[in-house]
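Protein sequence lines correspond, in order, to chains A and B. Numbering of the first sequence is given in the working numbering, commencing with residue 992 and proceeding in unit increments. Numbering of the second sequence is given in the working numbering, commencing with residue 992 and proceeding in unit increments.
No wet-lab data here; the hints were simulated from the structure. Any given hint could be a false lead.
[What the hints assert, rightly or not] In silico lysine-lysine, BS3-like type, Cα no more than 25 angstroms apart, as pairs:
| # | chain 1 | residue 1 | chain 2 | residue 2 |
| --- | --- | --- | --- | --- |
| 1 | B | Lys1320 | A | Lys1516 |
| 2 | B | Lys1459 | A | Lys1137 |
| 3 | B | Lys1463 | B | Lys1488 |
| 4 | B | Lys1146 | A | Lys1049 |
| 5 | B | Lys1453 | A | Lys1067 |
[Claimed, not checked] With the Cβ distance kept under 10 angstroms, some of the chain A side facing chain B (calculated, not the full set):
| # | residue |
| --- | --- |
| 6 | Cys1075 |
| 7 | Leu1084 |
| 8 | Met1133 |
| 9 | Phe1174 |
| 10 | Phe1329 |
| 11 | Phe1386 |
| 12 | Thr1423 |
| 13 | Trp1448 |
| 14 | Gly1451 |
| 15 | Tyr1458 |
| 16 | Asn1461 |
| 17 | Thr1466 |
Using N, Cα and C, we set each Cβ at its ideal position, and we do this for glycine too.
There are 2 protein chains.
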Amino acid sequence: MPSFGLRHRRAWASLLSQLLRPSGLVCIREVHFHSQVSEAVITSQLKPHQEKSNFIIKTPKGTRDLSPQQMVIREKILDMVVGCFKRHGAKRLDTPAFELKEMLTEKYGEDSGLIYDLKDQGGELLSLRYDLTVPFARYLAMNKVKRMKRYHVGKVWRRESPTIVQGRYREFCQCDFDIAGQFDPMIPDAECLKIMCEILSGLQLGDFLIKANRDCSCFEGKHMDKGLGLFPLSSQVNDRRILDGMLAVCGVPESKFHAICSSIDKLDKISWNDVRHEMVAKKGLAPEVADRIGDYVQCHGGVSLIEEMLQDSRLSQNKQALEGLGDLKLLFEYLTLFGIAEKISFDLSLARGLDYYTGVIYEAVLLQTPAQSEESLNVGSVAAGGRYDGLVGMFDPKGHKVPCVGLSIGVERIFTILEQRIKTSGQKIRTTETQVFVATPQKNFLHERLKLISELWDAGIKAELLYKNNPKLLTQLHYCEHMGIPLVVIIGEQELKEGVIKLRSVASREEVAIKRESLVTEIQKRLSES
Amino acid sequence: MPSFGLRHRRAWASLLSQLLRPSGLVCIREVHFHSQVSEAVITSQLKPHQEKSNFIIKTPKGTRDLSPQQMVIREKILDMVVGCFKRHGAKRLDTPAFELKEMLTEKYGEDSGLIYDLKDQGGELLSLRYDLTVPFARYLAMNKVKRMKRYHVGKVWRRESPTIVQGRYREFCQCDFDIAGQFDPMIPDAECLKIMCEILSGLQLGDFLIKANRDCSCFEGKHMDKGLGLFPLSSQVNDRRILDGMLAVCGVPESKFHAICSSIDKLDKISWNDVRHEMVAKKGLAPEVADRIGDYVQCHGGVSLIEEMLQDSRLSQNKQALEGLGDLKLLFEYLTLFGIAEKISFDLSLARGLDYYTGVIYEAVLLQTPAQSEESLNVGSVAAGGRYDGLVGMFDPKGHKVPCVGLSIGVERIFTILEQRIKTSGQKIRTTETQVFVATPQKNFLHERLKLISELWDAGIKAELLYKNNPKLLTQLHYCEHMGIPLVVIIGEQELKEGVIKLRSVASREEVAIKRESLVTEIQKRLSES
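Pulled out of the complex, with its shape left as it was, chain A reads as follows (with noise of 0.2 angstroms):
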């Protein structure tokens, strides 16, 4: 950081009218996107100082800037999500946006094209991060920490198609909550569990979806037939070990577990039957092997599922699927003591993440309602998460594991909904948090006001000021009214005789004198109140 600001303006401007063509038809970003010509050639062949009228200007494709106002929602479920991690004793820790290329390399399968590399300029080969759990697991095992449970929020990017209605974009926030270390079994697997029930209720989105799930019979697919009844955030678990386990023993060949369960991962936006029939027609699975595993993905339910499974002739001869319903059954005793058993569906079909997950898995998923769009949408997961026992070791030259738990909040999509929700209701957002204006009604006050505001800022109220000579004093009130600002000083010839400045309520317009010299402790007194 060898300088801050700018240096060298240099030619800009005239280039910019040097590059639009007299048709004016030609804007810079074509010229660089379609012809990659030198600066130098296309200077040398545009006319100069042409008009720019073309030029446009736009974020890069998938992401965007976040206004005042947005940043203003977006701080508050910030708030909300790192203080429910700091409730559960976790430290932060922050990390490049970029790693190394080979950190990522071979962790994400076929999503690996979503990764934006940086291009090599003659150093070493840089990716942007996909997610913030890589690069966790690379500084555990780059400082061989063997137990740590932290909390990171930060950007991540993928390039994928960008579908902006649904809170999808290439550059968007993650929060991320880890448990890393050998402990006893399902403890630390509850508490991420019980970390996104208090997240996800805090944030009060079901309340606002319950409000517009009464006509339940608009939405389609899986989720209704859940039986979540009115409670449109869906929470489910699941076990790798059972996954492979239901796979084995419905007969799949483990050459095909992997096909298989990109099938069964579709269920969230495919019925039954057209999964079914990739599986015995693409996929060429027998049928009754396929019909054998519709009687167990379609299934779902709580610790009276797990029972039963645990109780099926085919399942429980699985060794695999017997530690994962053991060690689920074992989970659900322990949500029933944290009191969110009954937010908590297992279910069979549920396939995320599956190559690299070692355990359990959860996902909850929001349902967008017809309210807010034309169609009824599901906008996906708004927090997921499972165990992941192997990542450490991937980094670590001698392999050692560090056992690993943790979940992540999508940001983005619950900022969709909340916006949205603000949009409808017409709800004002303050985007300053000023506490007090310092007006004049008179002309040449602008010293008294400059050491006035001084005083106040350095007692460390927030305090504004219209940086104009002479304002008048409607133009400052309005400015308040708008602004939300709850009190007015105002200091005229007549105060400044008398020794006093004027205190005004916004809200009230109520004035009152009060001597100048008790004006910071009357300006606290009056804020501690409010």
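Following the hints, position chain B against chain A.
Coordinates of chain B only, in the frame set by chain A:
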């Protein structure tokens, strides 16, 4: 954000071992860096199942992870800085980490080579942002915003040769505050300087350096010439119009302004004699012209120096210089009302950002002390800024201007200094905020502990327990002492029978029995008292 966590584990682990030659001397990083051979080729050439003992795991050059201890310090700095920005009524803005490449083109002059470009993966050409100022100007122009007071905290990236001891990184955090809009002269400019002073004194960087600066003789260069005495935090102000005017009246041909300014800019690193030599021998300036410049650039002072310059026979004949001096005089008038005039030094040698800034420029420099490092170091600017009235117009299709003035706080250098200070003091930093620990002296009390801690969490109390079925009491109490947790809640057979809970203060080791149902209230009372 289609899925959370990771998918498709695949053959990373096996690839790792395959990549290592029998000799064990080739690490993955080297293979990637130097050969660029496709994975398939490497895999087929190398023998599988080698130990991965030479796998080097690290963060990219010039970047670092921030540990929980470091994050606590970082967060404290950011809270302080953001608190000040909010006190001055700023709104928060966020922009993407990368911009369309052409948005950054021709903005940074000779530093453009330091911009990180993203790889062309068949889409737009993108670059990581180099600062927060250009994205702000782009935002204003894109949204046709004519007036805005905003702050922005975020990472920026520069491909510099990192000198980590001086707190220079390729990824670093900046905190920017800017005021955009057409206002009466110097009022926003003065507020920016007030903010810089509030932040730098709030962080107590001065105190820190005062102590170590008693031996002034070990400092060299222009900073000691300034007579800053015991205050090694030097805040300088200048105006590019004064600089231009000064060069003109000294007889520098306009074609040499840029070259001569970059020589003047070196005065914080080399002596006037060396700078003069460079001007004459390398840049072909007449010796008498250089001497005239020397008379000016070695000047520094307050209002009296401005008055002196206004009377200067040569300078007062230059319109630009007169304008600049007039504005600076007004600025110092406001700085006096803000009570900070004596903290700012008018310095004719301050030439930073010359090509970019259009008016007042300022920079706060900290001098590293010999106590912290082997030799006396100028750790460079910790805060800087100025007026840039032309930048927004460079983005606007019709060139509409929005005058701006702002400042940037260099968090990384401040962080380096504070971290060093904490290390030296031996001060212990708590990395969690846990208030209560839930413990048991007996076996088989996991269920009771889970019920209890769940109650605490639901009441908003920050609580932890050990993830063990049967932890030893001593282990639990040691954990509290180690982590600085103030309260312990203890439940055992006796307490369960009597319907009470023991509440223990870790510091005093006092224990009191409390009715189970009053536990939350009692804890909240204790916490509000402390």
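Evaluation of the provided hints:
About 38 angstroms separates the Cα atoms of B/Lys1320 and A/Lys1516, which puts this hinted pair outside 25 angstroms; it is violated. The suggested pairing of B/Lys1459 with A/Lys1137 holds, with an alpha-carbon distance near 16 angstroms, which does not exceed 25 angstroms. For the suggested pair B/Lys1463 and B/Lys1488, the alpha carbons sit about 21 angstroms apart, so the restraint of at most 25 angstroms is met. A C-alpha spacing of about 20 angstroms is found between B/Lys1146 and A/Lys1049, which places the hinted pair at or below 25 angstroms, so the restraint holds.
About 19 angstroms separates the Cα atoms of B/Lys1453 and A/Lys1067, which keeps this hinted pair within 25 angstroms; it holds. At a threshold of 10 angstroms, the smallest CB-CB gap from A/Cys1075 to chain B is about 9 angstroms, leaving the interface hint in force. Interface hint status for A/Leu1084: upheld, as the beta-carbon distance to the closest one in chain B is roughly 6 angstroms, under 10 angstroms. With its C-beta approaching chain B no nearer than about 5 angstroms, A/Met1133 sits inside the 10 angstroms limit, and its interface hint holds.
Checking A/Phe1174 against chain B by beta carbon gives a least distance of about 4 angstroms; that is within 10 angstroms, so the hint holds. Annotation: A/Phe1329 was flagged as interfacial toward chain B, and the flag holds, the nearest CB pair being 5 angstroms apart, inside 10 angstroms. Interface restraint check for A/Phe1386: the shortest CB-CB distance to chain B comes to about 6 angstroms, inside 10 angstroms, so the restraint holds. Below 10 angstroms, beta-carbon pairs count as interface contacts, and A/Thr1423 has one with chain B at about 5 angstroms; its hint therefore holds.
The interface hint given for A/Trp1448 holds, since its Cβ lies 6 angstroms from the closest Cβ of chain B, which is under the 10 angstroms cut-off. Look at A/Gly1451: its Cβ gets to within about 7 angstroms of chain B, closer than 10 angstroms, so that hint holds up. Annotation: interface hint on A/Tyr1458 holds; nearest CB of chain B at approximately 4 angstroms, less than 10 angstroms. Taking 10 angstroms as the C-beta cut-off, the interface hint given for A/Asn1461 holds, the closest approach to chain B being about 9 angstroms.
Hint on A/Thr1466 is violated. Least Cβ distance to chain B is approximately 13 angstroms, over the 10 angstroms limit.
This entry does not satisfy hints 1 and 17, going by the numbered hints stated previously.
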